[in-house]
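Trainee: Chains as they are written, first to last, in the numbering used here: chain P, 1 to 147; chain H, 1 to 147; chain F, 1 to 147; chain C, 1 to 147; chain Y, 1 to 147; chain W, 1 to 147; chain R, 1 to 147; chain U, 1 to 147; chain D, 1 to 147; chain B, 1 to 147.
Misleading hints may appear alongside valid ones.
Claimed, not checked - Facing chain C, from chain P, some residues (calculated, C-beta under 7 Å): (1) T78; (2) V80; (3) T82; (4) P84; (5) E91.
None of these hints come from the bench; they were simulated from the model.
Even glycine gets a Cβ: it sits at the ideal position worked out from N, Cα and C.
10 protein chains.
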Amino acid sequence: MNRAELTEMIVAAKIAGGISWADVADRVGLSKEWVTAACLGQMTLNADQAAIVCEIFDLPDDAMPVLQTVPYKGSLPTAVPTDPLIYRFYELVSVYGTTFKELIHEEFGDGIMSAIDFRMNLEREPDPAGDRVKITMSGKFLPYKSY
Amino acid sequence: MNRAELTEMIVAAKIAGGISWADVADRVGLSKEWVTAACLGQMTLNADQAAIVCEIFDLPDDAMPVLQTVPYKGSLPTAVPTDPLIYRFYELVSVYGTTFKELIHEEFGDGIMSAIDFRMNLEREPDPAGDRVKITMSGKFLPYKSY
Amino acid sequence: MNRAELTEMIVAAKIAGGISWADVADRVGLSKEWVTAACLGQMTLNADQAAIVCEIFDLPDDAMPVLQTVPYKGSLPTAVPTDPLIYRFYELVSVYGTTFKELIHEEFGDGIMSAIDFRMNLEREPDPAGDRVKITMSGKFLPYKSY
Amino acid sequence: MNRAELTEMIVAAKIAGGISWADVADRVGLSKEWVTAACLGQMTLNADQAAIVCEIFDLPDDAMPVLQTVPYKGSLPTAVPTDPLIYRFYELVSVYGTTFKELIHEEFGDGIMSAIDFRMNLEREPDPAGDRVKITMSGKFLPYKSY
Amino acid sequence: MNRAELTEMIVAAKIAGGISWADVADRVGLSKEWVTAACLGQMTLNADQAAIVCEIFDLPDDAMPVLQTVPYKGSLPTAVPTDPLIYRFYELVSVYGTTFKELIHEEFGDGIMSAIDFRMNLEREPDPAGDRVKITMSGKFLPYKSY
Amino acid sequence: MNRAELTEMIVAAKIAGGISWADVADRVGLSKEWVTAACLGQMTLNADQAAIVCEIFDLPDDAMPVLQTVPYKGSLPTAVPTDPLIYRFYELVSVYGTTFKELIHEEFGDGIMSAIDFRMNLEREPDPAGDRVKITMSGKFLPYKSY
Amino acid sequence: MNRAELTEMIVAAKIAGGISWADVADRVGLSKEWVTAACLGQMTLNADQAAIVCEIFDLPDDAMPVLQTVPYKGSLPTAVPTDPLIYRFYELVSVYGTTFKELIHEEFGDGIMSAIDFRMNLEREPDPAGDRVKITMSGKFLPYKSY
Amino acid sequence: MNRAELTEMIVAAKIAGGISWADVADRVGLSKEWVTAACLGQMTLNADQAAIVCEIFDLPDDAMPVLQTVPYKGSLPTAVPTDPLIYRFYELVSVYGTTFKELIHEEFGDGIMSAIDFRMNLEREPDPAGDRVKITMSGKFLPYKSY
Amino acid sequence: MNRAELTEMIVAAKIAGGISWADVADRVGLSKEWVTAACLGQMTLNADQAAIVCEIFDLPDDAMPVLQTVPYKGSLPTAVPTDPLIYRFYELVSVYGTTFKELIHEEFGDGIMSAIDFRMNLEREPDPAGDRVKITMSGKFLPYKSY
Amino acid sequence: MNRAELTEMIVAAKIAGGISWADVADRVGLSKEWVTAACLGQMTLNADQAAIVCEIFDLPDDAMPVLQTVPYKGSLPTAVPTDPLIYRFYELVSVYGTTFKELIHEEFGDGIMSAIDFRMNLEREPDPAGDRVKITMSGKFLPYKSY
């Protein structure tokens, strides 16, 4: 069993069992953002977390070590995503990419926002004109230094 | 003069004059995120905004109508960005893309987060372990409906 | 069973059973455009719709939750489609893309035509010189706003 | 002067002069859809049409034969368009491509909708929930025949 | 069974049985060009033709409706073909593409040669310096018209 | 002056002077297919041919040796052509590529149709249902031999 | 069984049996270059050669006709090869490509070196500073001719 | 002046002056293969060689240091070359790539043929059936070693 | 069994058995860098090494000759890697590529650092501000020589 | 003046003046690795460093603010580099990418080696069998943490 097969198994079990990611996150005791990414094969679980996930999705025993192994990351089948929801995020990078760059450099100087020392939160923002998706991202600024 | 030439002119004037995007935003009276994107050729200014921008960057007269024309958007030279700062955002889409998808669908059902009816805020988050970049995004949820 | 396998199962059952999309749409009670897209793995059915589709195509029980799950959208195997019928639509985007852009901006200002709050109708237009395909698309205009 | 330079000249003159495509179309006496495409370097004008366009945009004399020459068509700089408005049309092809294919074949048999013997109309559709873009396309059906 | 699997089945049966395309075409009663394309998954057979093809290649019953269904066309695994014989045709398009364009426009004006209302003939042309492949193509000219 | 600049010069002169490729071919004394390809930078002229071409298009003296130099061939800006007329030829390769391969191998064995020892003829084929483009290609068959 | 499966079967049998290409070539009675290419699915064997190959690698009966069928050529999984040994040959084309072109045209005029009427020999060249790989290629020059 | 401009200058001077690569090589005193590559911007000349090349092509003084600077190598505008002569070499890599790999490994073990410690010779091979291009390549074998 | 299947088998056995690469390297008696690369299908083992690897991972008998066969190298599924850890190395090549080039040429002249006669060492570098990854690479300089 | 033009100006001045990167680094007072990258448009200089660089390369006044502005990074014209020296580094990523991944994860757990908090040193390693290029890289390990 490789990680891609395991992810497909989890997704199928989730659909078949009508399990929500929020419930999985509650039982694992971490954010729904991180737990979902982990179940989708992008993060590494520890033994306790893996055991809970195996129980929730009724996974076979050999899933345990696989969930605890660092996966080959990257969740999309094409460089430019075709799914409309995911494409909108790609579009934000395409349209606002140079804006991100200018404003972060203006505030912090040369460097990047870490995508590793990073956390995010995704929630519903009620709005009379139609509810909104609110995403808060927080990544450590890492400066380039001369040497 | 086309928009790409105008953007390059603005960037050169900004560098030469030591102008900050925050100052430009203050004088235009809007967020630094939107104003920077507009100056970088991704948004459309109205006449008043264009006049202020022309004055700040000392742009020639024929820049006025160009700034008020809807640009061909997309700020990056390659589909996968090479610049490390911008790449990190692409990496977030690559790693967390399916997570965004799962969690938004779980909360809202089938649909997308709009990248048009969208606003964002980028700020410094002080942290003793090293300051962080905090980005808050808000996009209207747009549901797919059957018909 | 994942969605791609389910779609292939539906297509095979449709061919084997000589079922028409118009009939499926009639029984589901929605437009043939939306119903076909849903059966081809691009839209999400509700429980009642899924039950009808399962019955029509004699699908196994575990197809029910899969049909009600939001799919990873994008129906084509390559970025530039090779199928001549589908390519003609890509060609329209290639040739008329900037025309769409100019005319929509002239009429509405900066923004887009939604591909989500969208419906369409495809019908035969009789013509003595050879019948024509008539497609009527209607998408909500979504304006970019400054903030 | 090649066609790309001429198109850029027209676009610049249009912006500088505040000319609308609807006005150009009125003076040429054809639809705004075809006239805009022609001015953007995708269609071929005859001598009378070229003369009107040259006058409207105050083009030099050597623009006359260029406007009457069949252009190398394709209006977009990349295979997958980056501009959000144009991308939405690409997304429709990506998501609905197989639906177009199924429904046209169901109605007409094997063949295509011509993108050459084709006309379209783009108009505002008032709607209390927000006005809509309405596009009506009509292309001759061309059947594949065995031989 | 999908069309790709069916095509592979036909090719295997043809090789195993030492069947020639010319024989298949004779029995179907159409040109070898069209019949070969149909057997390779590019054209749609009617019921009679499908029955003959099934008999020749000893195909299972469920091949019948598949052969009568319009296939997703495009016979090559890569955009630029790697097979030397097929590449030479791609090379002709690459080298002579603009020549085709100039000469057809010179003779017919703006428009295209139809690849749908199209037929071709491929034959041996005896030549003392080495026999030649002679291909005669005939496609209806389809003019662009203003509207 | 490089060959690309020279080609653009010839095309501009042709448009400005209303010169036809057929006329150029007549004066050069060869087929319009070869002469057009040569003028478009795909073939090599000898001194006499180059002199005639220079005179027809009123080219500067330093065009003479450039026209007699073997060009870097390939006339299209993208691997998959965007121009509808040229795309149709690419589509023929995509749809009929494996058919070409099967039939040529059936007739000749393993080998290719030469794209070098090759000639073609493009003419109008009158037809009451609409005139047709008729293209006759003849390429020497080159067999693979074991060694 | 298709050709790719057959090639994989041959490679596995070769590894398992410790068979050398030189031995295969000896028994087939042709050069090791051609025989290896043929076994790897790039050339077509005749009945006698196929029988020998089947015996050497202990292939099933249905391999016989497959080996005698012209394969879809192209032995590499990506357009730019990732394997270091094969990449070096690609690099030679990349670095020396224009040199090949200049020198062949200088010696022969416009035309190509045939990759069909082609043979090559690969041998060890002893050298005190480290043995060398010596490759001798010979391809017929094919001139472009005007017509 | 950068190296690409210098190469274009050399090529133009060569064409205008009717200079042959063989003559340049004679005067530089090295092989025509290396000298041509160097003049085309792929190799680095020493001061004496650069002086001779400057004299032959009548290059400006600032060409001297540029010719002595290591260039950014790679002589082709696209990853898959469009020029037929150069493509044939790419085709040899595509068709024979795995053959090169198998035979070199069989003779030498794991490693590569160097494309750096490499020399080649390109000559005319007279043949009554049509002269041939003979290319002899010699590259040092470099073994992979465990460590 | 092909090499890719064998690699997947090794990786699964390693995860299931909780085996570390350092242990494998110890038992093979070589560096962990080379041994890991070999187990991941990038290097060729000799008989003794293969026997040890087979024992450690409890591989079937037919794995022995496969491990001793030179693999088709290249360990990544896409040209630009999506995995964040591996991407950082690609980014170093992208950002520092021209710097590597300038400094190596300044020190050594025209040539390359061998990726074949190459060894490397990867270790933990303790640092109070957070431990660091230290990689030492050593590759033989191979000069281009004129000939 | 944009950064690309400035980089080309620096490179030209360096070649013309026979300046070495080691000298530039000495005068700037930092490592040759960082200084070269900065001069090639990949790093940001402070005012003092910029002044020194301007003096060394005799740059115009408006180069000063450009050198102090964060550049759009990425030094290579293509995703897969064509230059042999730079390609070898890409090849190391391709061949050893999964090895880097396995060994770093084994030593440190899930996370990456920073390409930002990174320094490197490139030096000559004398060796009787031919001198070697020795590169020492040191990047901070950044762990993924659950949240």
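Trainee: Each of the hints needs a verdict: does it hold here or not?
Mentor: Hint-by-hint comparison with the structure:
1. T78: With a minimum Cβ separation of about 10 Å from chain C (threshold 7 Å), the hint on T78/P is violated.
2. V80: This hint holds: V80/P lies near chain C, its Cβ roughly 5 Å from the closest one there, short of 7 Å.
3. T82: holds, 5 Å
4. P84: holds, 6 Å
5. E91: It holds, given that the least Cβ distance between E91/P and chain C is near 6 Å, below 7 Å.
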